[in-house]
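Peer 1: So you can see what is in the structure, the chains are spelled out below.
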Amino acid sequence: MRLNKVFSAWNRERLGLTMIMASLAVIAVTVFMLFFYQQKNELAHIREQGTNLARLLSRLPYEQLVPPRGQQSTLAVLKHGYIDTDFAYLTVVDTRGIPLTEISSPGVIVPQAALPTDPTSWLGERTLTLGSGGRTVHEFHAPVFDRGRNAGHLRLGYFRPGLGLEPGQIPYFATFALLIFMLTPIFYFLIRREIRPLQQVNSQMDSLIEKAHLSRVEVAATGELRDFMGRFGQFIDSAQQRINQLETDRSGLVTSTKLIDYKRTRIESVLHSLPDSVMVLDESGCVSLLNSKLAALLGVNPQEVLGKKPLEWCKDQNIVEFLASYAGKSFRSFNTEYIEYSPADSPEKTVMVMPYPLFSPKNASQLLGTLVLFRDVTADKNAKQGSAEFIAHVAHELKTPLNIIAMYSETLQSEIGRTEEFMIEAANVIHDESERVSMLINNILNITKIEMGSMCIERKRVKLRDLLEDAFKACARSGKSENLEFKLDLPRELSAVAADKELLRIAINNLLTNAIKYNRVGGTVELAAEETATSVLIHVRDSGIGITEDEREKIFDKFYRSERDAIRAKSGHGLGLPLAREIILLHHGSLEVTSKPGEGTEFTIEIAKETDLLQQAV
Amino acid sequence: MKRILIVDDEPHIIRVLKLAMKNAGYTVDEAYNGEQALAYLETSHPDLMITDIDMPRMNGRELCLHIRQNMPELEFGIFILTARAEREHREWSRTLKKVSFLEKPVSIMKLIVYIDNYFRDSQPSQEKKHVG
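Quick mapping for you: the protein sequence lines, in order, are chains A and B.
Everything in the first sequence is counted per our numbering, starting at 1 for the first residue and increasing by one.
Everything in the second sequence is counted per our numbering, starting at 1001 for the first residue and increasing by one.
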């Protein structure tokens, strides 16, 4: 945290620090430049003076430079007359370099250095280092002649100007640095004054970024900045207006999207709830929409079908050919067709396919695609076929007894039938066959009514014991001639059931009639009943020829007749058991059968008790 | 004496037909389904067979087909006597040799006349004939 504070404080004052650093740098650079310039000037001055003096002295007579003993040397005069702070030494040496005379600044020992032997290099300059203190000396040398002969050399040394500050220069530099230092804070405060509004703008912008709502940045400013801030304020206002407008538009869009979504969901719901299977083909003949019922009908995955042509996903050639004829924009007829369709793993279906053109709502002549309705009419077709088969069956079943009646009556009319024995036989046969026709007609009517749903079931409280007794007695009377034993096993008390008495009587009667018809000589027919907690069980048992395992399910099919001789020998039309079961199902009961061929059969009716039915209803 | 085989699952029909045909001078044998008829044909050869279509075990259609396809040596005529009036059965019967189709109910007297005519006509030739 502390580091952070330090950093932010430094960050705030970085301008001031930068300016101090900058001013120091400026001072340093300026001073360096001044020193450099001064040194350069001094070096030029030394060279000019040294060269001139060396040449001047070189022309002096030898005696003046190296006077005999007792005379004052010109160099001594020069030492007194020519005093320069940069002067290091002046000496005359012989040709071997041995000093003949010399003058020097205090503390300076003339460095030993060989002189050039080549006459062209006798006049020149060079840089030497003094043995003591390590100061650098710029030396000028020139030859000395004595009566036209080289008698030695003159060496004049000057200290090379250094970077050191001379005491006299200190006030000058101090004044200069002070001036710059005085200007720095002035500039600093001026800049600070200009920058302050910008900093305010910055901090306000920071808070604006954090806030959701844009507002004008209020800063006391002058001049250009005030203009800028004015425009910036206008920009903020217009940006806020745009944002408000966008926000309004966005909420409008969200609302309309939700509305569209709702409408779409509703349309999809309607589409999926349609009883028919629906497909929409676009202009190119690709599937653009299909409902779940169609996907189930054709056994396809909607996602894999969308956007594809029927050829790519439909395996049924007939459907592919039909749908392919609706690709493209050309006009065509929209006729309903019946297509035999074989879906995988199921029996062949008949599908009615109805194409409808889809026109643009704006331009009724522009074809957008085709709406194709698929309807599974297999059930209708089967129903029609079933109905035709049923009528054929009924006709046949009616014709058979009528045929027998006709043949017997015709024989009766002829001579051969006029025996007493035949007349009795004919009377019995005609009576039985008439009964058969009558029963057949009743059964057909009842079963048809039940199947059509037009059977009005009058459910009343039925005293089951009385009903069973009545039915039993009636059958026992008619079956007396069959030489059978009839047993009735009913509990003393038997709960009432809510049932249609007449229908229930027909069902029980059909079971008892079968028990008599398909019995053996001397066999038994038993009607029994019992109660459980919730229902009443009625048993019809016989000791007859029984029902085989294969036949057990078929016996409830309409017009089914066993192929066994023992059963075929009895007249029947295969409607008694189907009707009995329909009636029991109409009462929400069940009809079960157990049987052993050759030993007998037991049919069990289970009907819920009246109290239980009431409870169910509640 | 001509021998006629009657195949029908209705005993009453056989009873009346048998009575009338015997009276007309024919010998009559009976079978209650196709299987019984085939068993009969293994030992006896009738001059005419009258059969129903709807019968258990082996129906009249299967019986006729079996005789005509597998027993070419038996050239007796067949009368199909049935309550099945569908065109399909009638047309099917035409595809077989010497098979006639009669629809129930039929007058017994007329049937006797058909039988008499059949035997009279079939004496010189074996031509197929359709009646009814």
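Please note: incorrect hints may appear among the correct ones.
Which residues of chain B face chain A? A few of them, derived with a C-beta cut under 10 Å, are [stated by the list, open to error]:
{"#": "1", "residue": "M1001"}
{"#": "2", "residue": "R1003"}
{"#": "3", "residue": "A1020"}
{"#": "4", "residue": "M1055"}
{"#": "5", "residue": "A1083"}
{"#": "6", "residue": "M1109"}
Here are the simulated BS3-like cross-link-like pairs (lysine-lysine), alpha carbons at most 25 Å apart as the crow flies [claimed, not checked]:
{"#": "7", "chain 1": "B", "residue 1": "K1018", "chain 2": "A", "residue 2": "K570"}
{"#": "8", "chain 1": "A", "residue 1": "K487", "chain 2": "A", "residue 2": "K463"}
{"#": "9", "chain 1": "B", "residue 1": "K1002", "chain 2": "A", "residue 2": "K399"}
{"#": "10", "chain 1": "A", "residue 1": "K463", "chain 2": "A", "residue 2": "K473"}
{"#": "11", "chain 1": "A", "residue 1": "K362", "chain 2": "A", "residue 2": "K399"}
{"#": "12", "chain 1": "A", "residue 1": "K362", "chain 2": "A", "residue 2": "K381"}
{"#": "13", "chain 1": "A", "residue 1": "K570", "chain 2": "A", "residue 2": "K399"}
{"#": "14", "chain 1": "B", "residue 1": "K1018", "chain 2": "A", "residue 2": "K399"}
{"#": "15", "chain 1": "A", "residue 1": "K349", "chain 2": "A", "residue 2": "K558"}
Here's a subset of chain B near chain A, in silico, CB distances under 7 Å, partners left out [what the hints assert, rightly or not]:
{"#": "16", "residue": "H1012"}
{"#": "17", "residue": "I1014"}
{"#": "18", "residue": "L1019"}
{"#": "19", "residue": "N1023"}
{"#": "20", "residue": "P1056"}
{"#": "21", "residue": "R1061"}
{"#": "22", "residue": "E1062"}
{"#": "23", "residue": "L1065"}
{"#": "24", "residue": "P1105"}
{"#": "25", "residue": "R1120"}
Rather than coming from a laboratory, the hints here were simulated on the basis of the structure.
From the three backbone atoms N, C-alpha and C, an ideal C-beta is built for every residue, glycine too.
Peer 1: Now look at each hint and say whether the structure bears it out.
Peer 2: Here's how the hints hold up against the structure:
Restraint check, M1001/B versus chain A: the minimum CB separation of about 17 Å is more than 10 Å; hint violated. Against a cut-off of 10 Å between C-beta atoms, the interface hint on R1003/B is violated, since the closest Cβ of chain A lies about 20 Å away. For A1020/B, the suggested interface contact is upheld, since its CB lies about 6 Å from the closest CB of chain A, less than 10 Å. Because the beta carbon of M1055/B sits about 8 Å from the nearest beta carbon in chain A, less than 10 Å, this interface hint is met.
For A1083/B, the suggested interface contact is upheld, since its CB lies about 4 Å from the closest CB of chain A, less than 10 Å. Checking M1109/B against chain A by beta carbon gives a least distance of about 7 Å; that is within 10 Å, so the hint holds. Distance hint between K1018/B and K570/A is fulfilled; the C-alpha atoms sit about 19 Å from each other, no more than 25 Å. Taking the CA atoms of K487/A and K463/A, the gap is near 20 Å; set against the 25 Å cutoff, the hint holds.
For the hint pairing K1002/B with K399/A, the CA-to-CA distance comes to about 30 Å; that exceeds 25 Å, so the pair is violated. Only pairs whose Cα atoms come within 25 Å are accepted, and K463/A paired with K473/A is accepted, the gap being roughly 16 Å. At most 25 Å may separate the alpha-carbon atoms for a hinted pair to count; K362/A and K399/A exceed this at roughly 65 Å. Taking the CA atoms of K362/A and K381/A, the gap is about 40 Å. The hint is violated against a cut of 25 Å.
Only pairs whose Cα atoms come within 25 Å are accepted, and K570/A paired with K399/A is accepted, the gap being roughly 17 Å. Taking the CA atoms of K1018/B and K399/A, the gap is about 20 Å. The hint holds against a cut of 25 Å. A hinted pair counts as satisfied when its Cα atoms are at most 25 Å apart, and K349/A with K558/A qualifies at roughly 24 Å. Interface restraint check for H1012/B: the shortest CB-CB distance to chain A comes to about 5 Å, inside 7 Å, so the restraint holds.
Here the hint on I1014/B is broken, as its CB sits about 10 Å from the closest CB of chain A, past 7 Å. Against a cut-off of 7 Å between C-beta atoms, the interface hint on L1019/B holds, since the closest Cβ of chain A lies about 6 Å away. The restraint placing N1023/B at the interface with chain A holds, with a minimum CB-CB distance near 5 Å, inside the 7 Å limit. At its closest, the beta carbon of P1056/B sits 3 Å from a beta carbon of chain A; the interface hint therefore holds under the 7 Å criterion.
Here the hint on R1061/B is broken, as its CB sits about 14 Å from the closest CB of chain A, past 7 Å. For E1062/B, the interface hint is violated, since its Cβ never comes within 7 Å of a Cβ in chain A; the closest pair sits about 12 Å apart. Checking L1065/B against chain A: minimum C-beta separation of about 18 Å lies over 7 Å; hint violated. Because the beta carbon of P1105/B sits about 4 Å from the nearest beta carbon in chain A, less than 7 Å, this interface hint is met.
Interface restraint check for R1120/B: the shortest CB-CB distance to chain A comes to about 22 Å, outside 7 Å, so the restraint is violated.
Of the numbered hints stated above, those contradicted by the structure are hints 1, 2, 9, 11, 12, 17, 21, 22, 23 and 25, listed in ascending order.
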